[in-house]
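Let the sequences and hints guide you as you build the complete structure.
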Amino acid sequence: MDSQSTRMDKKELFLFALYITGMIVVNTVGSKIISLFGVR
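Numbered by this note's numbering, the letters in the sequence shown go through residues 1 to 40 in order.
Any given hint might turn out to be false.
If you anchor each label on the Cβ, the simulated ranges turn out as follows [what the hints assert, rightly or not]:
hint, residue 1, residue 2, range
1, Ser5, Phe37, 46 to 52 angstroms
2, Ser5, Val26, 40 to 46 angstroms
3, Val39, Arg7, 46 to 52 angstroms
4, Gly38, Thr6, 46 to 52 angstroms
Simulated from the structure, these hints should not be mistaken for lab results. Just so you know, these numbers come straight off a predicted model, no measurement behind them. A virtual CB, placed ideally from N, CA and C, is assigned to each residue, including glycine.
Right, here's the structure in full:
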């Protein structure tokens with residue numbers, strides 16, 4: 001049971017890290033697109 005709960009925690013941490021990374025990427029790409037439109 002301990003190993004199972006640890007596995008779930010690791011999976012949740014991985015998904016949480018993926019979510020944060022995705023938000024950072026979206027923000028970076030979004031700002032780049034906005035700056036490109038601004039240059040236009």
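Each hint tested on the structure:
1. Ser5 to Phe37: 46 to 52 angstroms: 48 angstroms, holds
2. Ser5 to Val26: 40 to 46 angstroms: 31 angstroms, violated
3. Val39 to Arg7: 46 to 52 angstroms: Distance hint for valine 39, arginine 7 holds at roughly 48 angstroms.
4. Gly38 to Thr6: 46 to 52 angstroms: For glycine 38 and threonine 6 the Cβ distance comes to about 48 angstroms; the hint holds.
Checked against the numbered hints listed earlier, the structure breaks hint 2 alone; every other hint is satisfied.
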